Amino acid sequence: MVAAIKQPGWIRGLLGAILAAAFGVGLVVVLRDISGLPIWQTEQTGYPHVVVPLITGPLGFLAGFGCFDYWLRWAAGMPTIPEDHSQHGAKSWKDYFHFNTDHKVIGIQYICTTFFFFFVGGLMAMLIRAELAQPGTQIVDAATYNSLFSTHAVLMIFVFVIPVFAGIANYVLPLMIGAPDMAFPRLNALSFWMLPLAGLLFIGSFLAPGGAFDAGWTGYAPLSTGAPLGQSFFNLGVQFAGASSIATALNFLVTIITMRAPGMTFWRMPLLVWANLSTSLLVVAATPFIAGAQFMVLFDRVLGTQFFQFAGGGDVISYQHIFWFYSHPAVYIMMLPGFGIISEVISTHARKPIFGYRLMALALIGIVVLSYSVWAHHMFVAGMFSWLRVPMMITTLLIAVPTGIKIFSWLGTLYFGKIHTYSTAMLFALAFIVTFTIGGISGVMLGMVPIDIHVSDTYFIVAHIHFVLFGGSVFTIFAGIYHWFPKITGRMYDEKLGRVHFWGTLVGTWGTFIPMHWIGMDGMPRRVADYATQFGNWNLLISCCAFFLGACQLVFLYNMVVSWRFGPRAVANPWRANSIEWQVSSPPPIYNFDEIPRVVGGPYEYGVPGARHAIMAGEGAEVAKPEPAVVGQT
Amino acid sequence: MYGRLPIAKMLAATVALTAAISAVMLSINWDGQEASTAAPKIDDLLNVMIVLSAFVFSLVMVMLFYALWKFKAKPGDESDGEPIHGNTRLEIAWTLIPTIIVLFGAGYSWSVLNDIEEPAKNALTVDVFSQQYAWSFGYPGKGNAYVQGELHVPVNRQVQFKMHSQDVIHSFWVPEWRIKKDNVPGITTTATVTPDKVGTYQLICTELCGFGHASMRAKVVVEPPADFRKWVAGLKEKVPAPYMESIRQDTETNPVEPLGAGGA
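So the protein lines, in turn, are chains A and B.
Note that our numbering has the first sequence beginning at 698, numbered continuously upward.
Note that our numbering has the second sequence beginning at 6, numbered continuously upward.
These aren't lab readings, by the way, just hints derived from the structure by calculation.
The structure presented is a predicted model; accordingly, all values stated were derived computationally and were not measured.
Every residue, glycine too, gets a C-beta built ideally from N, C-alpha and C.
Hints should not be assumed to be uniformly reliable.
Only part of the chain B face toward chain A is listed, based on derived beta-carbon distances under 10 Å [stated by the list, open to error]:
hint	residue
1	A17
2	A18
3	L57
4	D85
5	T100
6	L108
Partial selection, computed: residues in chain A whose CB lies under 7 Å from chain B [said to hold, decoys possible]:
hint	residue
7	L1094
8	G1114
9	T1134
10	A1226
11	D1227
12	V1259
13	S1260
14	F1263
15	R1309
16	M1313
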C-alpha cells in the first residue's frame, strides 16, 4: 500500500487530488477567518469553497499522477529517476491509463479521450434535437436546455475538435518529419492529462447547484458573471483545456522548427506539418486571450472585481472583444489541421503532387495573419463602435481568398491523377470539399454587415457553424482517422462499414444542417427551447435527420473498436503514400526509426520518375548523401 | 496541358448549373415578409450573393465531378497520375478572381449599410427598455409615454430606437424589418428603421438572456400616423424613474454615422 502511494499513478493521483482539494477548502476558510468574513460563504454566485478546490484539486491530481515528478526532483536538486524508457510504448490497453511520454501513446490517448467527449457531446445534441422536434416544452425545461446546448458546444470545441487534431498530429507529425518523438515528451504528457480534467469539469458542472453552465459556449458577460455556480466550472475547465492547448502548440512549434530530419527544408514539409505549424502559431498567441477573459469573469464572480460590471465602471462589450480575439482564430485552430489532413489524403489517393504546394502553404500563413483581424464580425449587432464594422467586413471577406485557394488547389490536384475512392478517408476528403464550400459561402454572406444584421443569432448561424465545424472539421477528422488507422493500430478497418458511415454521415449532415439556414432566415432565433409553431415541420425533419446522423456514428464506433481488435493486419504502407510515416512498420517501432531518415525531395512526388521523399535506414547505399537543400527547389 | 480539358464545355456546364440553382433559389422568399425600407435592399444584396454563390458552388461541383468521372483510377491501376506541380497562371487566377468578387461584395454591402442607416430629419425616437424577460417602450417626443410588451410605430416614418438594458444583454429583432441590435447594459445602442407596411409583427429577443429567453417577445404594430397619434395619446403611464435614470447614465458608444462620416 505504501509503495502504491509512493509510486506515481492513480492511487497517488486521487490522493493528491483529495489532499489538494482539502487544502483549497482550508485556504478559503483560513483566509475568510483572517479577513473577518463568515467562514462559510453566503454570496450567491461566488462559492469560493468550491472554486478554489476546483483549481487545487486537478493540480493535486496531476502532481500525484506523476506529471511533475521529473521536474520537481530536478528543481529540488534530488537525483532524477533516470530515463529507463519504460514509459515508452504500450504493451497492453492498461498502459494507456498511465503517465506515458511516448508521442504515439499520447496520440492514441488524445484521440480516444476526445472521441469519448465527442460521443458525450453528441448525446447532448440528441437530447437538444429531441426537445426541438416539436414546439413547446417536452423533454427538458428551458434552463436545462440552456445548459445542454452550452455543454454540447463546449465539449465539442474544447475537448473534441481542438484536441483531437492535436492527438492526430501528436501521432503522425513526429513520424512525418523524421523525429524520434516530440521535442518535450514530459510536457506532452502533461498537456494530455490536463485534457480529461477539463472535460470532467465541464461535465461535472451538471452536479453544481443551479445546474451546468448555461450562458452558451460564448459565456457573454454579464449573463455569465451573474450565473449560478456551474459557470465557474466552465471558467476553470477552459483554463485546463487552454493550458493543454498552449503547451501542445509550443511543443509542436519547437518540434517542427528544430527536429526535422536532415534535408527536410520548410519547402519539403508535408502540408499537414505546415498546417500544424500555422495552427500552433494561432494557439500560442490567441489562447491566452480566452484564458484571460474567463479569469476576468471568474474574478467578477468570486472576487467582486468589476471588469464587466457596468454599474461598477466595467465595460460589457470588452468581454466580447477579448473573447472573440481568441475565438475567431479558434475557428481556424479547428480548421487548419483539417486542411493539412485533406491535403495528405487527396494527394495520396489521387496519386498526384499537391497542386500549387507553395501557394497552399502560403495560404495557411495568410489565414493565420488575417484571422487576427476579423474578430469583430461576430459583433456587428453587438453595439460596438459602428465604424469598426466595415474594416472588419473587408478583412472577413478577404479571408475567403486563401480559403478558396485551398479548395481550388485540392480540385486541381485531382486533375490528371488516378483517383482511388476505395478508401473511406478519400470519400470524406472529397465530401469535405463540397460541404466546406457551402459553409464557406454562408460564411461570406455572414461577413456582409447588412445580411449579418438580419441573420445574426438565428438558426442561420447554427447552420453555418455546423457546416464548417461538422461538415468541415469533423469530416477532416474522420478522413484523418480512417487514413492513419492502419498506421496507428496496425490493423485495417472495414471499408464496407466505413462506406455506410460515410454515406450516412453525409446525408445526415445535409439533412440536419441545410434546413437550419432556411428557418434562420425566416425568423427562428437560436438558443431557444421553444419556438413558433410555423417552424414545427422543419424542426421535426431536422431532428429526424439528426437522430439518423447520430446513429451513423455508432457504425463508426463499432468499426473502429472491432477493427482495432480483430481487423486484418495492416502492411506498412497500404495507401502507397510517400511521406515518412508510411515508410516504417504499422504500428511504428517504439523509437520510430532505427536511424533518422534523410529527406531528399518533396513529400508529394507522385508520378515523378525516380523521385524520393526520404531515404530510410539501411537503404542509403545507393544514394551517396542527401541533396543540399536549395531554396527555391520544391 | 489544359488544352486536353474541355474548358468550354465545363464553363457551359457551370453556367447552366448556376442558372438552374439561381432560378430555384431566387424563386423562394428566404427572409419572409418585407416590412421596412431596408428589407428589399438587404434581400437584393442576398439575392446577388445567392447568384454569385451559386456560381462558385457550381464551379466547384463541375470541377469535382468532372475530375471524378474522367480521372477515376481503373480497377487494378496502380500507376501514378501525371506529375503536375501547379500552374502559376491558374493559381494567380483563382487568387485574383475571388478577391475581386469579395471586394465587390464588400463595396456593395457597404453602400447598402450606408443606405439603410441614413438618418432622416423627421425621425421618431423610441426608447426600448429590456429586462429579463420583457420589453417595454418609451416615447420621449410624447412626454415619455410608456407601454409594456407592445410597440407601436407609424408607417413610412423613420424610427430611431434608443436601446437600454437593465440587466444582461438582449437583442432587438423584428425579422420583417431585417433589423437587429443588442441592448447592452450601460450603453445606449441605436437602430434605425423605416417601417413601410401596416401590420402586426413580432419583436424577438435574439441574444441568450437566461431561461426565459425563448419567450421574451413583444407585439409590434405598424399603423397609419393618425392611428399612432391616437394610440400614443391614450397612453397613461410614464417611463418609470429607474428607466429614466438608465437613459441618463448610459453612454452613447454607437454613433449612427458610418465610417468616414464621423467615425470614431
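Do the hints match the structure? See the list:
Given hint, A17(B) at the interface with chain A, is violated; its Cβ is 18 Å from that chain's nearest Cβ, farther than 10 Å. Because the beta carbon of A18(B) sits about 14 Å from the nearest beta carbon in chain A, more than 10 Å, this interface hint is broken. Here the hint on L57(B) is kept, as its CB sits about 9 Å from the closest CB of chain A, short of 10 Å. Of the supplied interface hints, the one on D85(B) holds, with its beta-carbon coming within about 4 Å of a beta-carbon of chain A, less than 10 Å.
Proximity of T100(B) to chain A holds as hinted, the smallest CB-CB distance being about 6 Å (cut-off 10 Å). Because the closest C-beta pair between L108(B) and chain A is about 7 Å apart, less than 10 Å, the hint holds. For L1094(A), the shortest C-beta to C-beta distance to chain B is roughly 4 Å, which falls under 7 Å, so the interface hint holds. The interface hint given for G1114(A) holds, since its Cβ lies 3 Å from the closest Cβ of chain B, which is under the 7 Å cut-off.
Evaluation of the T1134(A) hint against chain B yields a held restraint, the C-beta minimum of about 5 Å falling below 7 Å. Taken as an interface hint, A1226(A) checks out: its beta carbon lies about 5 Å from the nearest beta carbon of chain B, inside 7 Å. The closest approach between the C-beta of D1227(A) and any C-beta of chain B is roughly 4 Å, which is under the 7 Å cut-off, so the hint is satisfied. Because the smallest distance between the Cβ of V1259(A) and any Cβ of chain B comes to about 27 Å, over 7 Å, the interface hint for this residue is violated.
Hint status for S1260(A): violated, given a least beta-carbon distance of 23 Å to chain B, over 7 Å. Checking F1263(A) against chain B by beta carbon gives a least distance of about 27 Å; that is not within 7 Å, so the hint is violated. Hint status for R1309(A): violated, given a least beta-carbon distance of 13 Å to chain B, over 7 Å. The beta carbon of M1313(A) is not positioned within 7 Å of any beta carbon in chain B (closest approach about 20 Å), and the interface hint is therefore violated.
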